[in-house]
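Taking the hints into account, I'd like the entire structure generated from these sequences.
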Amino acid sequence: MKKPIKTKKKVKTAINSQDLVYKYKLFSDLMEHTPDVIYFKDNKGRILMVNKAYTKGLKTTVKKVIGKTDFDFFSKKRAEVMAKDDEQVLKDGKLIIDKIERATRHDGIDNYVSTTKVPRYDDKGKIVGLIGITRDITRRMHLEQVWKEKVRIEKKVEMLEGMNRLKSEFISSVSHELRTPLAIIKQLVSLIYDGTVGEINSKQKEILMKTGNNIKRLKKIIDEVLDISRIERGALKFNYTLINLNDLIEESADFFKGIAKDRGIDLSYKVPNKQVNIFIDCDRVNQIIFNLIDNAIKFTEDQGKIRIEIKILETKVRIGVIDTGIGVTKAGMNELFNKFVQVSQKASAEKKGIGLGLSLVKELVERHGGEIWVESKLGVGSKFYFTLPRFYKLDILDNNIKDQINNLLDKGKTIYFISVLIINYREFKFRTKVKSKKLFNDLEDIIDQVFSEVCKFKGKKPQIVKMDTVNGQCNIIFPNATEEKAIIVSEMVKDRIKNYFSEHQVKNIFVTVGIMPYPTPDESLTTKRLPANIHIKEMYIGSKIRRFKRISYEPNVDIILSKDEIEPSKAVDISRGGICLVTKISLAVDSEVDIKFELPRNRQFIQTKARVAWVKNLDRCPKEKFDRNKIGLEFIKLKTKIPQIFLKELKL
Amino acid sequence: MDKEKILLIEDEKDMVYAVNIQLEAEGYSVVNAYDGLDGFEKAKSEKPDLIILDLMLPKIDGYKVCRMLKFDDKYKDIPIILFTSRAQESDNEMSKRVGADAYITKPFEPKILLSKIKELLKNNSKV
Numbered sequence: 003m004k005k006p007i008k009t010k011k012k013v014k015t016a017i018n019s020q021d022l023v024y025k026y027k028l029f030s031d032l033m034e035h036t037p038d039v040i041y042f043k044d045n046k047g048r049i050l051m052v053n054k055a056y057t058k059g060l061k062t063t064v065k066k067v068i069g070k071t072d073f074d075f076f077s078k079k080r081a082e083v084m085a086k087d088d089e090q091v092l093k094d095g096k097l098i099i100d101k102i103e104r105a106t107r108h109d110g111i112d113n114y115v116s117t118t119k120v121p122r123y124d125d126k127g128k129i130v131g132l133i134g135i136t137r138d139i140t141r142r143m144h145l146e147q148v149w150k151e152k153v154r155i156e157k158k159v160e161m162l163e164g165m166n167r168l169k170s171e172f173i174s175s176v177s178h179e180l181r182t183p184l185a186i187i188k189q190l191v192s193l194i195y196d197g198t199v200g201e202i203n204s205k206q207k208e209i210l211m212k213t214g215n216n217i218k219r220l221k222k223i224i225d226e227v228l229d230i231s232r233i234e235r236g237a238l239k240f241n242y243t244l245i246n247l248n249d250l251i252e253e254s255a256d257f258f259k260g261i262a263k264d265r266g267i268d269l270s271y272k273v274p275n276k277q278v279n280i281f282i283d284c285d286r287v288n289q290i291i292f293n294l295i296d297n298a299i300k301f302t303e304d305q306g307k308i309r310i311e312i313k314i315l316e317t318k319v320r321i322g323v324i325d326t327g328i329g330v331t332k333a334g335m336n337e338l339f340n341k342f343v344q345v346s347q348k349a350s351a352e353k354k355g356i357g358l359g360l361s362l363v364k365e366l367v368e369r370h371g372g373e374i375w376v377e378s379k380l381g382v383g384s385k386f387y388f389t390l391p392r393f394y395k396l397d398i399l400d401n402n403i404k405d406q407i408n409n410l411l412d413k414g415k416t417i418y419f420i421s422v423l424i425i426n427y428r429e430f431k432f433r434t435k436v437k438s439k440k441l442f443n444d445l446e447d448i449i450d451q452v453f454s455e456v457c458k459f460k461g462k463k464p465q466i467v468k469m470d471t472v473n474g475q476c477n478i479i480f481p482n483a484t485e486e487k488a489i490i491v492s493e494m495v496k497d498r499i500k501n502y503f504s505e506h507q508v509k510n511i512f513v514t515v516g517i518m519p520y521p522t523p524d525e526s527l528t529t530k531r532l533p534a535n536i537h538i539k540e541m542y543i544g545s546k547i548r549r550f551k552r553i554s555y556e557p558n559v560d561i562i563l564s565k566d567e568i569e570p571s572k573a574v575d576i577s578r579g580g581i582c583l584v585t586k587i588s589l590a591v592d593s594e595v596d597i598k599f600e601l602p603r604n605r606q607f608i609q610t611k612a613r614v615a616w617v618k619n620l621d622r623c624p625k626e627k628f629d630r631n632k633i634g635l636e637f638i639k640l641k642t643k644i645p646q647i648f649l650k651e652l653k654l
Numbered sequence: 086m087d088k089e090k091i092l093l094i095e096d097e098k099d100m101v102y103a104v105n106i107q108l109e110a111e112g113y114s115v116v117n118a119y120d121g122l123d124g125f126e127k128a129k130s131e132k133p134d135l136i137i138l139d140l141m142l143p144k145i146d147g148y149k150v151c152r153m154l155k156f157d158d159k160y161k162d163i164p165i166i167l168f169t170s171r172a173q174e175s176d177n178e179m180s181k182r183v184g185a186d187a188y189i190t191k192p193f194e195p196k197i198l199l200s201k202i203k204e205l206l207k208n209n210s211k212v
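These protein sequences, in sequence, are chains A and B.
For the first sequence, our numbering begins at 3 and goes up steadily by one.
For the second sequence, our numbering begins at 86 and goes up steadily by one.
Source of the hints: derived by calculation from the structure; they are not laboratory data.
Heads up, some of the hints might be wrong.
[As the list claims (entries may be wrong)] Which chain B residues stay away from chain A? Per the calculated CB distances, all over 12 Å, these: (1) 114; (2) 126; (3) 127; (4) 129; (5) 132; (6) 144; (7) 145; (8) 153; (9) 159; (10) 162; (11) 163; (12) 168; (13) 187; (14) 201.
[To be verified] Calculated lysine-lysine pairs in the DSSO-like style (CA-CA distance at most 27 Å, straight line): (15) B:98 with A:413; (16) A:415 with B:149; (17) A:212 with B:98; (18) B:201 with A:222; (19) B:161 with A:415; (20) B:155 with A:413; (21) A:205 with B:196; (22) B:196 with A:207; (23) A:218 with B:203; (24) A:263 with B:196; (25) A:221 with B:201; (26) A:415 with B:155.
[Stated by the list, open to error] Rough simulated footprint, nothing fancy, chain B against chain A, three-plus residues with beta-carbon under 8 Å: (27) 484 to 495; (28) 558 to 564.
This structure is a prediction, so every number in the text was calculated from the model and none was measured.
C-beta: ideal position from N, C-alpha, C; glycine also.
Right, dumping it as structure tokens:
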């Protein structure tokens, strides 16, 4: 019985000594490599052993520190603190865990350390010394500080926002309160001025007229303050209607004709021959134009000139108010649209106002989805421009339809505007051999049929359908539609039109439906701003414009001009037939270029030759330094493999 | 023809004073009420040809008075002009919703008030 046990014991000790070597190795690795400072002290606080990190900071060696105390390495003050901690551990056996202290390293850098000290016991349970670990936690402390700071700032921001809201509400209520006495003063002055309570002489009348003018001035200030406080509270609402821009400009400009004439200022405007319909809040846009013309008159010398011009672009209109006034400095131009800014030093008190006009104008323009900027030269004059988004298909709507739309908007109804456009209408007519009158009658029948199925109306039709047989357009106004219903209707109309053409043996007819948000989201705007209640869908019928399905939007495309000249650009869309892109450079029509791009889904690079099919110069925004061109490229010499890649891309 | 009677419901006494002078000078007879409840009672008892109604009124606000009158078949044909001190938006919408025939934002041109009164009275006499 004894023997086997003995052998067993022998084996165990063998393992133990191996184990010991192994454990010692682990321990010495810890002492050698850990970045934390580790030290063992005896019960008198004398160092028994330290790791390498301990000596690193003190610029000494492990052997040199043994037997010494903290008083040999640290300042007296600091060593006393350390000794006190040691005593706590050694005497009472109380642990010190994660004690955070500020320390100064030997290289003079202030840092934070976290110290943990635990007692060591002998076999009888008596404390014989301690083990300490000190870690540099400067980074952690900094992060903690940053975090605390963040929380503090957030709290402060919240408080300030609350105060700002209170302030806005206060301003708003004060302004309202100001209106009532102002209204009474106005009423009372008018009673005398109008002669309601008896005749007055011309001098009295003059005095009252001046009183009246100042009441108006005060009213304007109150209105501006109210508008700004509304904007700040997010309470500014817009009331969109379909407006003829030409009329709007004419009316605004005519209002100022008299004032301009008195000052000998030549105020002129030219409206475009074309009628332009846009969705805007008429009062607000009036306010914009009014403010700009009013400013121009204020800051233009007698006998000066003011010109109002309108430029119609594809997706927007640009309105300019150009004067030969005192102008603005470059520094002034940057600040002009800020709140409470008075750029002009010379302006008399009467001209000054409170500096809210242009900041309000800017906000109003931007809320319409437009942009505003100024070009000016001191002493020469200023050009104020602003844009409003437009949708060109609205131009053809006659007054009757416009009134109907406005009526619906007035009642707060949502409108979907579905525009069906036949592409290359002339060629299309030739190809289909369906008489245009019949075509449009049938089209209307199709639309009516779809509506009667989807909407199940009784009596009066909900939809308004307007045909334009001359231009090959059909506009459907769909009131009270939900997004869902509008999609159903568009898809059904699309399918029926396809069926219609196939019944008439017309092949290769292509019908697409796109949703177009109005106004068109501009890259320069971070948020998509949509006027309430108006949505626009576009539908194309045709064959010529797009033979191929579009793949993806906006991958980057490199135009390879020469071996080491590459022009980066951005694609608008890609199909396997070609690519449409926007770039700073201009290319000659029919010239050939090499392009390289990555198919966004299957991540394959394609390099190919392409022919420039068309080039269109885009109107430059003031923020852009370069002209932009929209270029249509048609792929040539496509290797047989490439269309397959495209097919794969379509499937992905 | 008798003088046309206008009921002015407005709590600002000086405003009442000023509008009264103007309307009387134009040959209207004017009845005043200084709060919503009184206004509502007078609209029923005095049978005015037209009502000018301020929005911010003690007791019952102008919107409620307007709605109560416009939803009552007996009084719904009396034209109502709302006086608002808040420009545009919410008031504009609200005026329509409560069925007011017109609204005027304070401060206003006295001539505009007169022309609106004349227009509404003319329309009403046609009916």
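Comparing the hints with the structure gives:
1. With a least beta-carbon separation of about 16 Å from chain A, residue 114 of chain B lies farther than 12 Å from that chain, consistent with its non-interface assignment.
2. At the 12 Å boundary, the C-beta of residue 126 of chain B stays outside the reach of chain A, the nearest C-beta of that chain being 24 Å off.
3. The beta carbon of residue 127 of chain B is kept farther than 12 Å from every beta carbon of chain A, the shortest such distance being approximately 22 Å.
4. With 12 Å as the threshold on Cβ separation, the claim that residue 129 of chain B sits away from chain A holds: the shortest Cβ distance comes to roughly 27 Å.
5. With a closest Cβ-Cβ approach of about 26 Å to chain A, residue 132 of chain B is found to remain outside the 12 Å limit, as its non-interface label requires.
6. Its beta-carbon lying about 18 Å from the closest one in chain A, residue 144 of chain B satisfies the requirement of being farther than 12 Å from that chain.
7. Non-interface call for residue 145 of chain B relative to chain A: holds, since the shortest CB-CB distance, roughly 19 Å, exceeds 12 Å.
8. Annotated as non-interface, residue 153 of chain B keeps its C-beta farther than 12 Å from every C-beta of chain A; the closest such distance is 23 Å.
9. With a closest Cβ-Cβ approach of about 27 Å to chain A, residue 159 of chain B is found to remain outside the 12 Å limit, as its non-interface label requires.
10. No beta-carbon of chain A comes within 12 Å of the beta-carbon of residue 162 of chain B; the shortest separation is about 22 Å.
11. No beta-carbon of chain A comes within 12 Å of the beta-carbon of residue 163 of chain B; the shortest separation is about 23 Å.
12. Distance check for residue 168 of chain B against chain A: the nearest CB is about 9 Å away, which does not clear 12 Å, and the non-interface claim fails.
13. No Cβ of chain A comes within 12 Å of the Cβ of residue 187 of chain B; the nearest lies about 15 Å off, and the non-interface call holds.
14. With a minimum CB-CB distance of about 15 Å to chain A, residue 201 of chain B clears the 12 Å threshold, and the non-interface call stands.
15. In summary, the hint linking residue 98 of chain B to residue 413 of chain A is not supported, as the alpha carbons are separated by about 36 Å, beyond the 27 Å threshold.
16. Only pairs whose Cα atoms come within 27 Å are accepted, and residue 415 of chain A paired with residue 149 of chain B is accepted, the gap being roughly 24 Å.
17. At most 27 Å may separate the alpha-carbon atoms for a hinted pair to count; residue 212 of chain A and residue 98 of chain B meet this at roughly 26 Å.
18. Only pairs whose Cα atoms come within 27 Å are accepted, and residue 201 of chain B paired with residue 222 of chain A is accepted, the gap being roughly 23 Å.
19. Distance restraint check for residue 161 of chain B and residue 415 of chain A: the Cα-Cα separation of roughly 25 Å lies within the 27 Å cut-off, and the hinted pair is therefore satisfied.
20. Distance hint between residue 155 of chain B and residue 413 of chain A is fulfilled; the C-alpha atoms sit about 18 Å from each other, no more than 27 Å.
21. Distance restraint check for residue 205 of chain A and residue 196 of chain B: the Cα-Cα separation of roughly 22 Å lies within the 27 Å cut-off, and the hinted pair is therefore satisfied.
22. Annotation: proposed proximity of residue 196 of chain B to residue 207 of chain A holds, straight-line Cα distance about 17 Å (limit 27 Å).
23. A distance of roughly 25 Å separates the Cα atoms of residue 218 of chain A and residue 203 of chain B; the hinted pair therefore holds under the 27 Å criterion.
24. Using a Cα cut-off of 27 Å, the hinted pair residue 263 of chain A and residue 196 of chain B holds, with the two alpha carbons roughly 26 Å apart.
25. Distance restraint check for residue 221 of chain A and residue 201 of chain B: the Cα-Cα separation of roughly 21 Å lies within the 27 Å cut-off, and the hinted pair is therefore satisfied.
26. At roughly 23 Å between alpha-carbon atoms, residue 415 of chain A and residue 155 of chain B fall within 27 Å of each other, so this suggested pair holds.
27. As drawn, the region 484 to 495 of chain A meets chain B at 0 residues by the rule of a beta-carbon pair under 8 Å; below three, the given contact is violated.
28. With a cut-off of 8 Å between beta carbons, the region 558 to 564 of chain A has 0 residues touching chain B; three or more are needed, and the interface restraint is violated.
The structure is inconsistent with the numbered hints 12, 15, 27 and 28, although it conforms to all the rest.
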